[in-house]
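Each chain, written out:
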Amino acid sequence: MKILVVDDSKAMRAIVKRALSTLDRVAGAQILEAADGREAFGTVQSERPDLILSDWNMPEMNGIELLQALNDAGTSVTFGFVTSESTPEMHELARAHGAKFLVSKPFTPESIDQALAKAI
Amino acid sequence: MHTVTSVDLQQIGTDIWAAILGMVLQPADALAHHGEEVRVVTGCVQITGDWSGAVTVQCSAHLARVATAVMFGSTPDDVTEDEVCDTVGELANMTGGNVKSLLPGSCQLSLPAVTTGRDYHVFIPGAEVVDRVTADCNGELVVMTMLERRG
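Those protein sequences? They're chains G and H, same order as listed. The first sequence runs 0 to 119 under numbering that gives the first Met the number 0. The second sequence runs 0 to 150 under numbering that gives the first Met the number 0.
No lab work stands behind these hints, which were simulated from the structure alone. Bear in mind the structure is a predicted one, so any value in this text is a computation, not a measurement. Any given hint could turn out to be false.
Each pair of labels, with its calculated beta carbon distance range [unchecked claim]:
#	chain 1	residue 1	chain 2	residue 2	range
1	H	D77	G	A68	32 to 38 Å
2	G	A68	H	D28	45 to 51 Å
3	H	V129	G	E88	38 to 44 Å
4	G	A95	H	G48	17 to 23 Å
5	H	G48	G	I119	33 to 39 Å
Idealized CB from N, CA, C, for every residue including glycine.
Isolated chain G, as found in the complex (with noise of 0.2 Å):
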């Protein structure tokens, strides 16, 4: 399994991996790092990812601007937000591109783990 992070935030990316990597649903997963929403799609075009943990505000392209990106390039691939913002909006905003779960930051590894137990 690919897994690919996306924050703008290099210590919220390793926090976010250490989290994963104590997780027995993606035990043995690769796990690859985006620094913004434009980066991110050309890593998905490059590296087909089964699944997308990203940030929702970023510079260059934010979290929502690379799910409809993704969305408008017909790529399918599993996708959920990490995020401080979480308004029942943009909870909505999220449902309603395709995202599969909204994780609202602080987490925990228990809160991203029931988060994937819904998605893959």
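Based on the hints, put chain H in the right spot on chain G.
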């Protein structure tokens, strides 16, 4: 008028530092502040829309390095200045994002900005501090503020 009370900002900060860093924030003296000689790092995010203002998170450079080491699985002596700024910026991002989730209406969160140095104040033009929360983290001071633009 904002709807976030001091208790909310304290709880938000406590939850973030505990969940992400495994570090405990205890309430501190409300009037506590960093001394002029202390090098501090301040992360700031701005919120615009139906509510306008900013949220800041400030701690000493030493505590910032400790937190960064936790984030990166490193040691305080080995983390870089960029990594420290990244960490404090992300702490501000999470704090601001959680504050934003409690605000009425539709708002947008800026990307974080981080400032380091001694004896400085963060000013947001047209805004004033409406909430200031202090916390003790292993004997070090953490200050979180919420500023609201008036008019």
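For each hint, the structure was consulted:
Here the CB-CB span from D77/H to A68/G is close to 37 Å, well matched to the stated 32 to 38 Å. Roughly 49 Å separates the CB atoms of A68/G and D28/H, a value that falls within the hinted 45 to 51 Å. For V129/H and E88/G, the hinted distance range of 38 to 44 Å is not satisfied, since their beta carbons lie about 24 Å from each other. Under the hint 17 to 23 Å, the C-beta atoms of A95/G and G48/H, about 20 Å apart, fit the expected range.
Here the CB-CB span from G48/H to I119/G is close to 34 Å, well matched to the stated 33 to 39 Å.
In summary, the one numbered hint that this structure violates is 3.
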